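J.: These are the residues of each chain, in order.
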Amino acid sequence: MSKTMTGAKMVVQALIDQGVDVVFGYPGGAVLPIYDELFQQEKIKHVLVRHEQAAVHAAEGYARSTGKPGVALVTSGPGATNAVTGLTDALMDSIPIIVLTGQVPTFMIGSDAFQEADTVGITRPCTKHNWLVKDTEKLSATLHEAFHVALSGRPGPVLIDIPKDVQFATGTYTEARQVETHYNPQVKGDLAMITELAKAMETAKRPVFYTGGGVINSGPAASQLLRELVAATGFPITSTLMGLGAYPASGDNWLGMLGMHGLYEANMAMHDCDLMINIGARFDDRITGRIDAFSPRSKKAHIDIDASSINKVVHADFPILGDVAHVLEDLLNVWKARGRKTNTEGLAKWWGQIKEWRAVDCLKFTQQGKVIKPQYALERLEALTKKHDRYICTEVGQHQMWAAQYLGFEDPNRWMTSGGLGTMGYGFPASIGVQMAHPDALVINVAGEASWLMNMQELGTAMQYRLPVKQFILNNERLGMVRQWQELLHGERYSSSWSESLPDFVKLAEAFGAKGILCSDPDTLDDAIMEMLTHKGPVLFDCLVEKHENCFPMIPSGKPHNEMLLGDASTKDAIQAGGAVLV
Amino acid sequence: MSPLKIKKGSTSHSAYDLRPSYSDTVERHTLAVLVENEPGVLARVIGLFAGRGYNIESLTVAEVDHQGHRSRITIVTTGTPQIIIQIKAQLGRIIDVHKVNDLTVEGPSVERELGLFKVAGKGEHRVEALRLADIFRANVVDSTLESFVFEITGTPEKIDAFADLMRPLGLQEVARTGVAALSRGAV
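Protein chains in written order, with our numbering: chain P, -18 to 564; chain C, 963 to 1149.
Hints may contain errors.
[To be verified] DSBU-like cross-link-like pairs, simulated, lysine-lysine; straight-line CA separation at most 35 angstroms:
no.	chain 1	residue 1	chain 2	residue 2
1	C	Lys1050	P	Lys169
2	C	Lys1050	P	Lys281
3	P	Lys180	C	Lys1061
4	C	Lys1120	P	Lys115
5	P	Lys180	P	Lys317
[To be verified] Some chain P residues close to chain C (C-beta under 8 angstroms, calculated; not the full set):
no.	residue
6	Asn63
7	Phe95
8	Ala98
9	Val101
10	Arg105
11	His110
12	Val130
13	Gln167
14	Lys169
15	Asp287
16	Ala288
17	Ser289
No wet-lab data here; the hints were simulated from the structure. Bear in mind the structure is a predicted one, so any value in this text is a computation, not a measurement. By construction, the Cβ of each residue, glycine as well, lies at the ideal position given by its N, Cα and C atoms.
Can you build the whole structure from these sequences, using the hints too?
T.: Following this line, the structure appears as structure tokens:
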């Protein structure tokens, strides 16, 4: 039986049918009919953010921590333009989110009406797909298709622009199962190529798994299969920033994160390997460093769901187009069926070499004196929260890299960070999205004071919905990563990279009714962290740290993996003219 | 030379070097892109080329299947083999794109373009223009005592050649459709 309803009701009905339980949003003139419908039902919770950018990041946090799509609802014009950063962030990191925007009524489109913007035009390059729905009859089918597109293949953000008259008009509601789509990306990999890879794995002397966010996106089964494959083969494994948690940090074969601020052993293994197995990563420039010197002696396999990722930057000797879980299942089966062979002698030598690299202990630091080192703060945070099933978000900068280096992730979907776009201001709203999805879990946002201030208004949201998110701010009163690059590249001229006129974060927290904690003494750090953990509500933790600490290891721009900087002594003239133009 | 002593456009030591080590040769390819005839689909295709810095030498688009709601976009583009592969893969990611065919590598194909040429002149020039039009099998679709509009169909090279000949004879305006192309033989 067909159901007739208004467009606004269709929106809410479609969200319910798609299993959505929370929407992050901000009302305005062009979405009032939808807000009216939200008001009259109880299945979907609405979280009122304080800025539309935060709604999108919260939806990203929700999506990344659950594997389900996140939903944001914003008004036309400024509501939509404020969502652009979040959309771009989700596109770069392949996060499935659905953004609903209000639009001026169809008969006013193109007239420069109040709060009109060409939303589908503006967001076309920063969404996986977007729609302007001009007919209520097509609205529900479009909503269902949007979920399908966001979640299928390489996930990503989608946007549906809904003019106000379309929300008021009535039409027939189409059920999700009635919607036909031609968009069905291939998930099974080519068995012949998978077999070729299995053969190469049998003889490889110096293999390495290089995994990325695609493993997380593929779902929990992919992480499970990855663990099985690593255990069965005994190969070492490293991961990109986006892939942390797919393989446990406590696992025997774990080399740590790779890339620009990756671990020495991980980068050296990438450089010297003879078989690199890329699973759901995309040879980002943060990973490869200088491309013509990237892992020069290896054969490379690349498993990716997106054909445009394969051979984009690095030539793949074993290109495998497909979903990570499907491909890993086949790869394991083929490899087992062929007799579970590896080059034991070669592997033993390879592990011997890796042990030597590990002995460099590239993350070592000395905490001495009365000033907290940021590394020490994270080491203590790790020690005191390890037993929790915790969710970590970050902002962007030095603290983000230190968090990736010093915190261990045992499971997928526990690590929410802005990788591709590098969006300062991502972490706080993302932590709100995570906490909404996991009300009883420990959710910590590791932040820098500058990033955190970019979306500080969300303290109001955290208070309103009693979300006990812990904001762990490593406060160096600097834009630390900018300052580090100015030190290395620009003759120590620190142009606009210090945080002048910072607020008193404790008073700021209290102004919103939250708890603020200030800690500047390494001796009281543990107690202060415990106080943060035991407090029931949101906490703003102002951790005053060493102001001029640099983040190492570091592959300087324009350098290959085996020319890492390990500490301050090695930084003089490290970046040459050719590298200086890179970011 | 820039202050950083890097040649303009040089990327040989950059993390962004997309040039494959195996071939730097720039090739010309004709792509047939079958798309859902939705509003904005052309903008998606053009936006992709602009956003990622690919070349468009020619582009034509028209609905080819009214019932099936399909349009065909024919794009002539240039790039190294790796870039061409990237362009095809990126086009394939667009949700509204059903199919991407590279007519340049998928066997023989025919390419045609239509041009309209307005040539004004008197006396010997006028006679010569008419004579050349006849050789090129161009049709006269408009005529006054002082001008012709010629319609010519052929490969882009043929139309280029015709334009070169018309220029000294009083060529005033040119309109060209861009390339339409199909593979030879049955599908």
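J.: For every hint, state whether the structure bears it out.
T.: These are the hints, each one checked on the structure:
no.: 1; hint: C/Lys1050 - P/Lys169; in the structure: 21 angstroms, holds
no.: 2; hint: C/Lys1050 - P/Lys281; in the structure: 22 angstroms, holds
no.: 3; hint: P/Lys180 - C/Lys1061; in the structure: 33 angstroms, holds
no.: 4; hint: C/Lys1120 - P/Lys115; in the structure: 45 angstroms, violated
no.: 5; hint: P/Lys180 - P/Lys317; in the structure: 11 angstroms, holds
no.: 6; hint: Asn63; in the structure: 21 angstroms, violated
no.: 7; hint: Phe95; in the structure: 23 angstroms, violated
no.: 8; hint: Ala98; in the structure: 15 angstroms, violated
no.: 9; hint: Val101; in the structure: 6 angstroms, holds
no.: 10; hint: Arg105; in the structure: 6 angstroms, holds
no.: 11; hint: His110; in the structure: 4 angstroms, holds
no.: 12; hint: Val130; in the structure: 6 angstroms, holds
no.: 13; hint: Gln167; in the structure: 11 angstroms, violated
no.: 14; hint: Lys169; in the structure: 17 angstroms, violated
no.: 15; hint: Asp287; in the structure: 7 angstroms, holds
no.: 16; hint: Ala288; in the structure: 4 angstroms, holds
no.: 17; hint: Ser289; in the structure: 4 angstroms, holds
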